[in-house]
Amino acid sequence: MTVDHLALLPLYWAAGTAVLALLVDLLAGRRAVTVAVTASGAALTGAAALWVGAGPDRASLCFDGCSYLATPYAGLMATLFALLTVGALGLAAPMLRDGPPPGEFCFLLACSMTGGVALGYAGDLVSLIVAVETLTLPLYVLVGLRGRRTADRAAAEGAVTFFVVSVAATAVALLGAALTYAATGSLRLSASSAAVSTILFPDATAPLAAVGATLLLAGLAFKVAAVPLHAWAPATYDAAPLPVAAYLSTASKLGGVVALVALWRTLPAERTGWTLAVLAAVTMTVGNLGALRQTRMVRLLAWSSVAQVGYLLAPLAALATAAGRADAVAAQARAAAIAYTIFFLVIEFGAFAAVTALRGPGRDGGDIAGYTGVARTRRALGAALALALVGLAGLPPGLAGLFGKATVIRALLDGGLAWLALLLALNVVIGLAYYLRLVTTLYLPPPAPADAPAATAPVVAWSVSAAIVVATATAVAVGFAPQLVFDLAALT
Amino acid sequence: MLGPVLLVALLAVPAVGAALVALLPARHDRAGGAVATGFAAVALLVSVLLWWGRDPGSAHADTAALTAGQPPAAAWHRVDVAWAPDLHLRFTLSLDGLSYPLVLLTTVLTLLCCLHAWRRPPGDRSAVLAALLLVIEVGVLGVFLAGDLIVFFLFFEVVLLPMYAVIAGWGGPDRRRAARLFALYSLFGSVLLLVGVLVVVNAAGSADLATLTGGGALPRSVQLAAFTLFAVAFAVKAPLWPLHSWLPAAHTQAPTVGSVLLAGVMLKTGTYGLIRVGLGVTPEGLRAAAPYLGVLAVAAIIVGSLVCLAQTELKSLIAYSSVGHMGFVILGIATATPTGLNAAVLGNIAHGVVTGLLFFLAGAIKERTRTGELTSLGGLREPAPRLAGLLGFAAVASLGLPGLAGFWGEALAVVAAAQLGGPLWLTLAVLAAVGGALAAAYFLRMLRKVSHGDPGPAVSDMDGRAARVEWTTWAPLAALTLTLGLAPALVTEPARDVVAELTAEEAR
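Sequence order for the protein chains is A and B.
For the first sequence, position 112 matches number 112 in UniProt numbering, and the numbering has no gaps at all.
For the second sequence, position 370 matches number 370 in UniProt numbering, and the numbering has no gaps at all.
Don't take each hint at face value.
[What the hints assert, rightly or not] Over 12 Å on every C-beta distance to chain A, these chain B residues come out as not near it, computed from the model:
(1) 22
(2) 119
(3) 186
(4) 312
(5) 339
(6) 375
(7) 383
(8) 463
(9) 466
(10) 497
[Unchecked claim] The calculated label-pair distances, taken between Cβ atoms and stated as ranges, are:
(11) A:33 - B:124: 56 to 62 Å
(12) A:97 - B:85: 45 to 51 Å
(13) B:219 - A:175: 29 to 35 Å
(14) B:306 - A:446: 43 to 49 Å
(15) B:16 - A:97: 39 to 45 Å
(16) A:484 - B:16: 20 to 26 Å
(17) B:219 - A:481: 32 to 38 Å
(18) B:81 - A:363: 43 to 49 Å
(19) B:291 - A:484: 54 to 60 Å
FYI, nobody ran anything at the bench for these hints, they're computed from the structure.
Virtual Cβ for every residue (Gly too), placed ideally from N, Cα, C.
Whenever a hint applies, use it, and build me the whole structure from the sequences.
Dropping the structure here:
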């Protein structure tokens, strides 16, 4: 086996950060130091990923094919994971003062980041699944880590729901991987899943391979909370501490997308395409319809993020048609899915960050009715939340979301899936109904001062403010310069 | 060289104004209104300045370095900057004779609305209202100036949320429902527009309107598919029966300035889109759909008129009359002849001016009497003779009295349909003319109810005097109504080149 340690640098940094977090907590025992060290470690991981990604393509852990492929695309994904980790730490910092133990929290978050970093670099099916599990495993605990003293029943329930569904999904994915291996005798992923159409299957219609592919996709669909494995998301997000919910709805989703993108050209194309088309169509519709009825903030965001997953899966379904299997069109579809993911991550993180700031450390998202008029009393935070919601709806001034939808619809039309494009368009209209209701609530006249707990408006910690400012500024910037994102998304 | 700067300034001035006003602390409400009015005035000045230097040759010289293709000969000014090559998106603004009258209409009406919101605020937070009006102005101007299909779509969307906020924030008792209906309908239209735009862009490999005009690059099947999407999108916005049901609710519930901008300029983005994009980019699609479009337009005229006859509320009567008027505009576009397009251009501007005036007057009446019911407004001319007189003038202009603005658009649309000949178009022309006569019936009915009769309690207690600011907002519109009625060429003459270009492509 040949090992290129330079290529492994981001992974070393990420794993080192996790260990360091534990050690620093043990030795220094101060919240600020632990959080600062973890955040710096994550930032350095991102920097290392960028540096390795900017250089020539590298491969490591090679033994009859390489398990670790350092491409620019992998570098980008690792950087995104690192940034989201830093952001989640920023949101969590005030909560750690009086909530979950800082050392454990930082350690688990860094472990999860390590999984995410490894995921982008995965060169074979086993590394991929191990990375996804490393990403997910710490989250079971993080979801349950709400308070230090009081055993929070809701949080524990959320964590158990998440755990049970996740384990089932992992089993399904593993079975799919096993069947795939049985059918093909190989676990390797193609080096560049967009450009090279590596159909590993000797006979693409082999039933074994077909079942394997479907199971793999279904197992990974759980990670992005696609229908039918979506029901855990609202319950888990709502039970988790807000910073963890922010991480779950961004980094964990990104993990699922990276895994799906890695797989989608290596599985039998037509079956993958149709599975994804149905998955996307049902997911966006169910997500939007589910969100219409929500009265709790985080649940609404969770359902809406289910719908968003439907949008971002849609372009990958282009494989269903012959036109969509052409290399150029498929590459465009892949870029569209990644571009939409990037737009979504920025906006979604901004939304969760604003909610975290509005609610204060250690609290859950609360009822939507509790947000009545907040945009009038706390103008900047309210405007940030409103901008994020409008971005998720895909309307100006949330140009980032608008360009995301435009690029997805364009890929669908090129891929010959006009029906899915129209369905997506109609779903955007349904989506507006609940985003608009929420934004209107923010700007309604606030309730009479007598029953409004004006005095309890929490002070926003600087790290949370910084996270909001960065997320909002990024969303606005990529809204005006979408080409930046399109260029990144085209990396292979 | 000044042209491109002015074009960008026309969008930047109201945008900056809106941002400044929105950032003002809440206690400076009145100052915010004044600032917004100032910026709206500067925008009007910029739009007036654009009249000069419209020598078609100058557009070439201005942007020769920036643009790859030849700009259309008719463009007065042009800005063209790369934006997102992956989407074939270029930030292109282009002004020509078709868009110029609409640009002027927009800047004039926005200035009057900002003035109104500043001097006669409809409750608190009038500065925010004025800022939203400026954002709406940016969106509408952007639609009229867009030289790129995707930019056109973007600005089409910009208008949606601020108008929603205006209705939902400052509207009547049923405002939430009306605003939601407006937003959902509009978004339904604009997502279909997005799909249509991307169908065209994908097929042609370009989003530049100048390149796409004529439809030469597009196969017939693509044109049909795209035009179907465009037609639904613009039919929602215009609105065309049967997709109009958001309009009466929105117009009736919106505050005065909201109704004025909604009727005066926002509906025009639909009909303008039908001309610029529908006829321009997908002429074959429009030709194939023309009979259906014509039938729906005439249905809108007749249905609008009949519904108006049954209305008992002032604002909803004016709102439904818009459905009929826009029916005439769409009938003109459906003929796709020079006469028909001139009718559409004239009808657009005339409707903007006259209905804007009508909504200002209806707002003034409702503000004083606290009711819009026709039955309780009887005898208005006794306490408020001048107000009643002006209302009569606007109503008569709206029903299409020769010599006033409303006449030309409707008459020419009927003529254009008749000129096409054939049983279908002749029938449509006759029915449209009947619809025009019905308009006379319902406006005269309204005047009889409102102006005459004995004053009821609501009317006899009212203060009949109009404030100076109200005269300032009414007078320009009344003057324009008269001017356009006497000299319709003011609008058709600048648009002649573009109309010729669009219809020439059609004939080919």
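Now the hints, each set against the structure:
1. The beta carbon of residue 22 of chain B is not kept farther than 12 Å from every beta carbon of chain A, the shortest such distance being approximately 9 Å.
2. With a closest Cβ-Cβ approach of about 24 Å to chain A, residue 119 of chain B is found to remain outside the 12 Å limit, as its non-interface label requires.
3. Distance check on residue 186 of chain B: its Cβ comes as close as 9 Å (rounded) to a Cβ of chain A, failing to clear the 12 Å threshold; non-interface status is violated.
4. Distance check on residue 312 of chain B: its Cβ is at least 30 Å (rounded) from any Cβ of chain A, clearing the 12 Å threshold; non-interface status holds.
5. Listed as a non-interface residue, residue 339 of chain B keeps its Cβ farther than 12 Å from every Cβ of chain A; the least gap is roughly 36 Å.
6. Once the 12 Å rule is applied to beta carbons, residue 375 of chain B is consistent with being away from chain A; the minimum gap is 33 Å.
7. In this structure residue 383 of chain B is separated from chain A by more than 12 Å, as the shortest Cβ-Cβ distance comes to about 35 Å.
8. Against chain A, the non-interface label of residue 463 of chain B holds: every CB pair exceeds 12 Å, the least being about 29 Å.
9. Every CB of chain A is more than 12 Å from the CB of residue 466 of chain B (nearest about 31 Å), matching its label as outside the interface.
10. Residue placement check: residue 497 of chain B keeps its beta carbon more than 12 Å from all beta carbons of chain A (closest about 32 Å).
11. In this structure the supplied range 56 to 62 Å is violated for residue 33 of chain A paired with residue 124 of chain B, their Cβ-Cβ distance being about 49 Å.
12. Between residue 97 of chain A and residue 85 of chain B, the C-beta spacing of about 48 Å keeps the proposed range 45 to 51 Å intact.
13. A beta carbon spacing of about 47 Å between residue 219 of chain B and residue 175 of chain A contradicts the range 29 to 35 Å that was offered as a hint.
14. The supplied range of 43 to 49 Å is met by residue 306 of chain B and residue 446 of chain A, whose beta-carbon atoms lie about 45 Å from each other.
15. Restraint check, residue 16 of chain B to residue 97 of chain A: a C-beta distance of roughly 42 Å satisfies the suggested window 39 to 45 Å.
16. Taking the beta carbon of each, residue 484 of chain A and residue 16 of chain B are about 24 Å apart, inside 20 to 26 Å as hinted.
17. Remark: the range hint 32 to 38 Å for residue 219 of chain B to residue 481 of chain A is upheld by a beta-carbon distance near 33 Å.
18. Checked against the hint of 43 to 49 Å, the C-beta distance between residue 81 of chain B and residue 363 of chain A comes to roughly 46 Å, which is consistent with it.
19. Restraint check, residue 291 of chain B to residue 484 of chain A: a C-beta distance of roughly 47 Å breaks the suggested window 54 to 60 Å.
When the structure is compared with the earlier hints, violations turn up for hints 1, 3, 11, 13, 19 and for no others.
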